[in-house]
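Protein chains in written order, with this note's numbering: chain U, 1 to 89; chain Z, 1001 to 1200.
It should be emphasised that the hints constitute simulated quantities derived from the structure, not laboratory data. There could be a bad hint or two in this list.
[Said to hold, decoys possible] Have a look at the derived ranges for each label pair, beta carbon to beta carbon:
| no. | chain 1 | residue 1 | chain 2 | residue 2 | range |
| --- | --- | --- | --- | --- | --- |
| 1 | U | R17 | Z | E1119 | 45 to 53 Å |
| 2 | U | L5 | Z | R1065 | 17 to 25 Å |
| 3 | Z | R1114 | U | P51 | 16 to 24 Å |
| 4 | Z | T1035 | U | T25 | 21 to 29 Å |
| 5 | U | T25 | Z | P1091 | 47 to 55 Å |
| 6 | U | S21 | Z | R1061 | 24 to 32 Å |
| 7 | Z | A1007 | U | R55 | 21 to 29 Å |
In this text, all values refer to a predicted model and were calculated from it rather than measured experimentally. From the three backbone atoms N, C-alpha and C, an ideal C-beta is built for every residue, glycine too.
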Amino acid sequence: MWLVLAPFLAGLLLGWRGELSGAHTRAARGLVTGGVALVLFILGARLGTDPALLRHLRVLGGEAAVFALLTVSGSVLAVWLLRGQVERA
Amino acid sequence: MIGWVVAAAVAAGLACGAAGLVPAGVVVHLDALTTVALGVLLFGIGIEIGQSRDAWRVLHRAGPRILLIPAGIAAGSIAGGIAAGWLVGVPLRHAGAVGAGLGWYSLSGVMLARLVDLETGALAFLSNVMRELLAILITPAVARYFGRAAAAAPGGATTMDVTLGVVARAAGPDAALVAFLSGAVLSGLVPILVTLLARP
Chain U
1 MWLVLAPFLA GLLLGWRGEL SGAHTRAARG LVTGGVALVL FILGARLGTD
51 PALLRHLRVL GGEAAVFALL TVSGSVLAVW LLRGQVERA
Chain Z
1001 MIGWVVAAAV AAGLACGAAG LVPAGVVVHL DALTTVALGV LLFGIGIEIG
1051 QSRDAWRVLH RAGPRILLIP AGIAAGSIAG GIAAGWLVGV PLRHAGAVGA
1101 GLGWYSLSGV MLARLVDLET GALAFLSNVM RELLAILITP AVARYFGRAA
1151 AAAPGGATTM DVTLGVVARA AGPDAALVAF LSGAVLSGLV PILVTLLARP
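Same shape as in the complex, but just chain U (with noise of 0.2 Å):
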């Protein structure tokens, strides 16, 4: 938990306190996109390289595919219909 919040709270209180430059700006931003890009081709690797997974995904890909569908459209949706509530917060 710690390895997550730690650098989350550094940045924010690096980037709070308001002192950073225009050029350390644009590298944090730079280090958001190639941040992204390296851990998802990391998220990637794993899944490439994990024989248990490929073997599920044989078998169970199908189920799994409604699954992952359909649990994304409920939070969606139900985001969507609670968004007036949102709103006026």
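Position chain Z relative to chain U; hints supplied.
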């Protein structure tokens, strides 16, 4: 633009992994590499959110009502899981527990393998992996067509880490702050909801 970046990155990683292009010495360290890359990413997002005074104003104005977002995400996901179970013939209670995984595939997969059976655990693992991949791909479109608050919905619990960068790029720093809080709340809820739904 960000949609293409994420799709290309995941596809390249998957292809390299499946084709055996990732050296065995690196494979054993992928967990540690993920942690380091996440740290770098979250540090950068933290700076962006810290600099955005709008994000803090949004949070201050919203107060406890902001919790409606994770509550809606959890309820919608469980309902979606039950609907999926009805469609494919999985017991509805167990299907709801799979939906309560909220994208946290490692935890929900292990928990359901213990609490129910191996097949349900595998289904939870795989469907939540797919949810994370789907979230990465569709979050920009969700933010565009369903509003920026809904950008936190596809990722579920993963908006606290892996999918936060996609939310930040697709919906801006204020939505990223809300998504991070939502992801943190949902991460705390996953073990509770999965246990409550899986146990008879």
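Hints versus structure:
Look at R17/U against E1119/Z: about 52 Å separates their beta carbons, and that is inside 45 to 53 Å. A hinted range of 17 to 25 Å for the beta carbons of L5/U and R1065/Z is consistent with their spacing of about 24 Å. Under the hint 16 to 24 Å, the C-beta atoms of R1114/Z and P51/U, about 21 Å apart, fit the expected range. In this structure the supplied range 21 to 29 Å holds for T1035/Z paired with T25/U, their Cβ-Cβ distance being about 25 Å.
The hint said 47 to 55 Å for the Cβ distance between T25/U and P1091/Z, and at roughly 52 Å that hint holds. Range check, S21/U to R1061/Z: Cβ separation about 30 Å, and the 24 to 32 Å hint holds. Restraint check, A1007/Z to R55/U: a C-beta distance of roughly 25 Å satisfies the suggested window 21 to 29 Å.
Checked against the numbered hints above, the structure violates none of them.
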